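One line per chain: the protein sequences are H and R, in this order.
Position 40 (the first sequence) corresponds to 40 in the numbering used here; numbering is contiguous.
Converting from the second sequence to the numbering used here requires adding 1000 to each position, the first position being numbered 1.
To be clear, the hints were calculated from the coordinates, so they are not data collected in a lab.
Heads up, some of the hints might be wrong.
[As the list claims (entries may be wrong)] Partial chain H-side listing against chain R, Cβ under 10 Å, derived:
#, residue
1, Gln6
2, Phe91
3, Cys92
4, Thr105
5, Gly107
Bear in mind the structure is a predicted one, so any value in this text is a computation, not a measurement.
All C-beta atoms in this analysis are idealised placements derived from N, C-alpha and C, irrespective of residue type, glycine included.
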Amino acid sequence: AQKITQTQPGMFVQEKEAVTLDCTYDTSDPSYGLFWYKQPSSGEMIFLIYQGSYDQQNATEGRYSLNFQKARKSANLVISASQLGDSAMYFCAMREVRGGGNKLTFGTGTQLKVEL
Amino acid sequence: GAGVSQSPSNKVTEKGKDVELRCDPISGHTALYWYRQSLGQGLEFLIYFQGNSAPDKSGLPSDRFSAERTGGSVSTLTIQRTQQEDSAVYLCASSFLASGGRHNEQFFGPGTRLTVL
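Please build the complete structure, drawing on both the sequences and the hints.
Structure follows, in structure tokens:
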């Protein structure tokens, strides 16, 4: 089974609108962390936001927020007020503390295109 | 401050040749990771180093792949007898702590694009 599933290969959103990128995960480890990274066409991986499995509140970082639904094992990224510069590939990743040390398992990504 | 650097940025080689890819982590970061990203795919974990501990090599796809980290800093990923399926972008990352915690995010280098002809 896939540990990280991103079901949206591509998404379009209009500038200034909000967009949600889906991520579901699969783990039996009670302690884990979820990350979102952005990869522009230039190729670098940019850390966006982190959610720990024991965090009581959803993480927020500026225009990014993480809709963490632990029972459903989902960790969707919400980008508010989209900008043209948000056009990029977005990856969801998980770190399993017990089974994985600190290595990250990545999903296949969602290509986001922000349009005027 | 300086981020993670990798060299070369691009490498074209012939099938069967050996290649070495280099990574300079962020100064002070104790953990270093190698990932591989094939075209249009997510990142695939290869190996990680934490301090003086034995590296986690569980992601290396074959014994043609090896890596070392000298002096707890610079790392070299070596691929022997390269195959066409080795063509990918090889990304290095480093982090400050290898235990759990929100300050544990991995900072990535720009990658080395390897093309095996």
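Q: Against the earlier hints, flag every one the structure doesn't satisfy and list their numbers going up.
A: none
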